[in-house]
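**Student:** So you can see what is in the structure, the chains are spelled out below.
2 protein chains.
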Amino acid sequence: MSDFPTLDDKQTLEHGSVLAPRFNADGLITAIVQDFESQEILMLAHMNAQALKKTLETGQSHFWSRSRQELWHKGATSGHVQQVREILVDCDQDAVILKVSVDGNPACHTGARSCFFRSVKHDDTGHHLVVSEKSHS
Amino acid sequence: MSDFPTLDDKQTLEHGSVLAPRFNADGLITAIVQDFESQEILMLAHMNAQALKKTLETGQSHFWSRSRQELWHKGATSGHVQQVREILVDCDQDAVILKVSVDGNPACHTGARSCFFRSVKHDDTGHHLVVSEKSHS
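Read top to bottom, the protein sequences are chains A and B.
Per the working numbering, the first sequence runs over residues 1 to 137.
Per the working numbering, the second sequence runs over residues 1 to 137.
The set of hints was computed from the structure by calculation and includes no laboratory data.
Please note: incorrect hints may appear among the correct ones.
Repeated chains share a single entry, so a pair holds when one copy, or any two copies, can fit it.
[Unchecked claim] Quick list of in silico lysine to any residue cross-link-like pairs, SDA-like style, CA-CA up to 20 Å:
1) Lys54 to Gly79
2) Lys54 to Asp94
3) Lys134 to Arg66
4) Lys99 to Gln39
5) Lys121 to Glu70
6) Lys10 to Ser65
7) Lys121 to Ala25
Here the structure is a predicted model, which means the values were calculated and not measured.
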């Protein structure tokens with residue numbers, strides 16, 4: 001299934017030039033989606049080898065939907081596709097950042113620009129934590 | 001162990017003001033660490049309830065080390081602690097962003113400022129993908 005090589009040598013994995021994603025037991029890596037222009041983090045999702053391959057081939061975000069257990073072309077239904085401008089991989093290659101352009105469209109299924117639209121704060125008593133909509137920058 | 005409530009109602013989970021992290025089967029949520037000033041994504045890690053609680057109590061990043069299976073106070077050994085300026089939670093509360101100040105210290109164990117120091121590119125032939133150090137902004 002996977003067209004990607006596997007690297008066992010830590011030095012090569014972390015400092016080499018071979019793209020060798022370390023898919024976990026479920027066959028997934030973590031994908032952070034970040035706005036290419038504003039640097040805002042928009043969403044977190046997961047990719048299997050197929051989703052990563054389709055993303056690389058098409059230049060649009062593809063994920064693996066864990067709830068539906070199927071390939072998920074982001075925006076196929078909503079029209080809110082994400083154009084991938086850059087892909088970064090982390091040191092041990094089990095996570096990527098997709099830097100995307102979204103043309104003003106929301107990334108979250110709630111309609112919010114970002115899934116991370118709430119901030120953790122203390123309530124008025126100072127004794128309890130609450131989450132509340134963060135002020136938009 | 002967890003001092004956090006569990007919410008079963010999707011509407012309340014996604015739009016309410018209760019912090020109710022959805023820890024997975026391993027008792028973990030995903031934490032994205034982002035530079036508060038530059039917005040650069042520095043690293044990806046995981047938190048159990050204890051790590052989240054310690055982070056909230058101390059204002060410094062704490063994670064759960066999956067490899068060592070222990071609480072991990074980031075910087076306890078290296079001195080490169082992360083001061084947490086803001087915590088954002090995503091729609092379904094299984095991921096958080098820690099916006100941190102790092103005082104110029106590296107976040108990656110390789111010594112890089114960010115774990116995401118390589119970019120996926122085509123090689124000179126245009127037929128193969130490689131990862132190479134991204135140019136620093």
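**Student:** Compare the structure with each hint and give your call.
**Tutor:** Going down the list of hints, with the structure as the test:
In this assembly of identical chains, Lys54 and Gly79 lie within 20 Å of each other by CA distance solely inside one copy; the values are 17 Å within and 41 Å between copies. For a Cα distance limit of 20 Å, the shortest separation of Lys54 from Asp94 inside one copy, 18 Å, qualifies, whereas the shortest one across copies, 26 Å, does not. With identical chains, the CA atoms of Lys134 and Arg66 are never at most 20 Å apart, being 28 Å at best within one copy and 31 Å at best between copies. In this assembly of identical chains, Lys99 and Gln39 lie within 20 Å of each other by CA distance both inside one copy and across copies; the values are 8 Å within and 13 Å between.
Taking identical chains as interchangeable, the C-alpha atoms of Lys121 and Glu70 are never at most 20 Å apart, the minima being 36 Å within one chain and 27 Å between chains. With identical chains, the CA atoms of Lys10 and Ser65 are at most 20 Å apart between copies only, with a shortest distance of 18 Å across copies and 29 Å within one. In this homomeric assembly, Lys121 and Ala25 never come within 20 Å of each other (Cα to Cα): the closest approach is 35 Å inside a single copy and 26 Å across copies.
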